[in-house]
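Chain A is fixed; fit chain B with the ligand onto it per the hints.
Residue numbers (our numbering), protein chains in the order written: chain A, 16 to 278; chain B, 3 to 325.
Do not rely on the hints blindly, as some may be mistaken.
Unchecked claim - BS3-like mimics (lysine-lysine), calculated; alpha carbons at most 27 Å apart, straight line:
| hint | chain 1 | residue 1 | chain 2 | residue 2 |
| --- | --- | --- | --- | --- |
| 1 | A | 119 | B | 283 |
| 2 | A | 266 | B | 296 |
| 3 | A | 274 | B | 265 |
| 4 | B | 283 | A | 274 |
| 5 | A | 272 | B | 283 |
| 6 | A | 161 | A | 171 |
Derived from the structure by calculation, the hints contain no laboratory data.
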Amino acid sequence: MEILVCVKRVPDNEENEIEVSADGSDIDRSDIVYSVNEWDNYAVEEAIQLVDEHGGSVTVVTVGDDESDEILRREMAMGANNGLLLKDDAFNGSDGKGISTILKSAAEKGNYDLIMTGAQADDGAGQVGGMLAALLDYPYASLVNKVEVMDDKKLKVGREIEGGNQELNEIDLPCVLSIQTGINEPRYVGIRGIRKVASVDIPSMGASDLGLAGDAVGDGAAKVKKVDYFVPELGEGAEMLEGDTDEIIDKLIELLKAKGGLK
Amino acid sequence: MAQLFAYITYKDGVADDSALELIEAAKKIDAGADVTAVVTGSGGDLDTVCNEMAASYKEVIKIDNEALAYPNAEVVRKALLNVLPADGIILITHDTFGMDLSPGLSIKMGSTFVADVVDFEGVDGSTLKIIRQEYGGQVTTHVNCDISAGAVINVRPGVFQPDESKGAAGGSVTDKSGDAGDLTTGRRFLEIVEAEVGDVDITKSEVLVSVGRGIEDEDNIEVAEELAEAMGADVSCSRPIVDQKWLEKSRQVGTSGQTVKPKVYMAMGISGSFQHMGGIKGAPFIVAVNKNPKAPIFQLADVGIVEDILDFMPELTEKIKGM
Ligand SMILES: Cc1cc2nc3c(=O)[nH]c(=O)nc-3n(C[C@H](O)[C@H](O)[C@H](O)COP(=O)(O)OP(=O)(O)OC[C@H]3O[C@@H](n4cnc5c(N)ncnc54)[C@H](O)[C@@H]3O)c2cc1C
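One chain only, chain B, in its complex shape:
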């Protein structure tokens, strides 16, 4: 079995939440494996984070270089290429950084790439058995991946729960900064532009009426607004509603929008993609109304209703108003 590596995203002085999820993912590939963490950065808290990782990972590789101060995937790819063995199996989180880094890394390593993995079913010879989803989670597939020449595997964040009893690996940190090589690239990081603040702060809302593509038309947004008003809730939405400019970006729930922590979340005509659900924290009571009985959201909600939201929402609004 090839050596297993986990790339730890280190940004703004801390390791990403997914850092310890990757060990759990690795254990599903090879239960007995010692997984090596790889952390890149430039000074600051890099050593602290490496030491933190050594509590959970048997070995930690540190790559310290000025060019790595901000995790620019183009730069990180070059460094990893110079430091890691081509036939290794490298686990990376499938977030906006992993999506940027990994496909190209697999090509440069001459290894295989699989994106957005939700589960592993072990290794059979040189075949890694993988489970992933397609069509926004509507269907699931078994995928066989030939790992004989190594692999880059992007793991969906939030799926592999970190082991709470961690912290006793007693791992060591190896400094491989000297091996990073030339890190000049054709893409240079400039700055971060923070998301705009909107008229309501949905991250503070206790009750959200959230609309998805099932709302069908801009004119129907007010049907959701009326329900929200009757409930004393705020209106939020999924990404396609913002893409169409029907609501402001500040009302978008999800990994590329806001992270909300309401008591009650009403998902109206939302299919339940992981990027959307990734923005809902604190285990709220989730009500899903969707006209497709097989919509993935029904696996994730507490209560499900198979109805057309354009009929259902006005009726619910009337009843609540009449109380």
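Just chain A, with the same shape it has in the complex:
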């Protein structure tokens, strides 16, 4: 099975406290640690396991810049066979549809049976997988937490729905799946693994390589545009307990007693 997994380099949610930059045009990127989008690691792990069992290869692709090279290498250190960087100034400012359009062109250059994305990334939109599927006219399933190969024409997939229940579907290949966290346990990548792939050649493709007209993607084509980041005026929020830890604990215990929090 030939599998393409779409990945993204994002500010690491675990390592950073994300704040609005001084002029509101972006988040404050001065001390940001980047990594692979959490969901994508689960997608790559699932792809590797499928290929281990059924043969084929895993290609990881990203729309990014030179710095995105590091995440492709990380996923290759996990076990992905190939990397592909889609990079062009013309891609800057793309909205979700633009990114999906770029990925679609890349997908069509290969011969993939299965395309995976993470269920969502840093902006919480969760849109690229579904858009890519529609552009390719492939069936789609989102929030997938189980993949089982039925035969060479179809998969059985579980979707995680409300309440932790699972919706089982049969889906024809080729198809697009967006992968939910928890589907597997993504393998650990050590320094050794990264070193092994450090000098592997990762091809890069731009708009003309993909046969994309400059105005089909990027800022000019985007119909959804972020204006700014801001700090909303909210209600009062929590009553903050202050003082030294001892005082805070005493106050908290009083409150807990009053609210029935201590038995």
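Same frame as chain A, but now just chain B with the ligand:
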């Protein structure tokens, strides 16, 4: 202004809780608009639900087809594509169904898509002004969406409160089942596998000590267990703790986990994402301990404490034990 539609999720014989939230969302786009509800299904209580919707929506479109018995997003997308005008503005709830349906629907409609919208600031010409959040609610953004060729807008559930005085729209139901067209798809629904039942039922707990990613390590779970024991509480958690297999899935609070109704909820190292908070009902007293003073949870909790939970929890446990 283009026509506004609200897709009503109809499942297991009832309309989803968010059904009337979508009208309120639509009113923030266009205060005077008549919003058309769209309900898909197959026989059963479909007519009852359509009539219920007609009490709040001026017009209700019914699409009745065997293939729509279970809301499989791939099938629903085809039906909507055949029934709705491409330049309409279609509001859909941003839940596991809306996430499945909408991005592809916008592509097929040739319209624009915006996910997980938390507010609207009206329309300026052909620009719909939207507010959404990024990074799990840590930052908020203004987004401009060009709606000149229509739009599919996913609205965060639980944000737009339904108007309690509803029920007097006197709307009519139009049967468009005949327009649904060919509904065969490459994805077929098989069955639902119910979530496993765990050793404790946190939906019955009165007090919960709930741990999030701030617990940092599997070995630290016992720090929370000790606090819970001292308080007479149960331990619950956010999703990343279950993803790492540090606690059982049955202890996960949130939209894709359990819905809890405790008296007191202690959120320990939890950032406050909407999927997590969506599982907390009944307005409990929420205490949040987080080392980041800007964590979104502090907007949602009753009491906030900026501390490292790994230091704070053992001290709190000691004090309670010594009482
Ligand atoms: C379809 C879907 C369904 C989902 N369903 C659920 C669900 O049911 N339940 C759920 O919980 N999530 C769910 N999620 C995931 C959700 O979006 C968030 O990713 C998740 O809730 C974050 O968990 P968290 O708050 O523990 O982690 P984070 O967001 O990483 O927050 C950790 C917090 O801990 C703080 N912290 C770190 N270290 C310490 C310390 N030592 N002391 C004090 N504070 C510390 C940090 O400041 C941060 O605020 C779902 C996501 C999707 C896409």
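Against the structure, the hints:
A hinted pair counts as satisfied when its Cα atoms are at most 27 Å apart, and residue 119(A) with residue 283(B) does not qualify at roughly 42 Å. Proposed proximity of residue 266(A) and residue 296(B) is supported: the alpha carbons are some 22 Å apart, at most 27 Å. The suggested pairing of residue 274(A) with residue 265(B) holds, with an alpha-carbon distance near 7 Å, which does not exceed 27 Å. Our distance criterion of 27 Å between C-alpha atoms is met by residue 283(B) and residue 274(A), whose separation comes to about 16 Å.
A hinted pair counts as satisfied when its Cα atoms are at most 27 Å apart, and residue 272(A) with residue 283(B) qualifies at roughly 21 Å. Distance restraint check for residue 161(A) and residue 171(A): the Cα-Cα separation of roughly 8 Å lies within the 27 Å cut-off, and the hinted pair is therefore satisfied.
Violation of the numbered hints given earlier is confined to hint 1; every other hint is satisfied by the structure.
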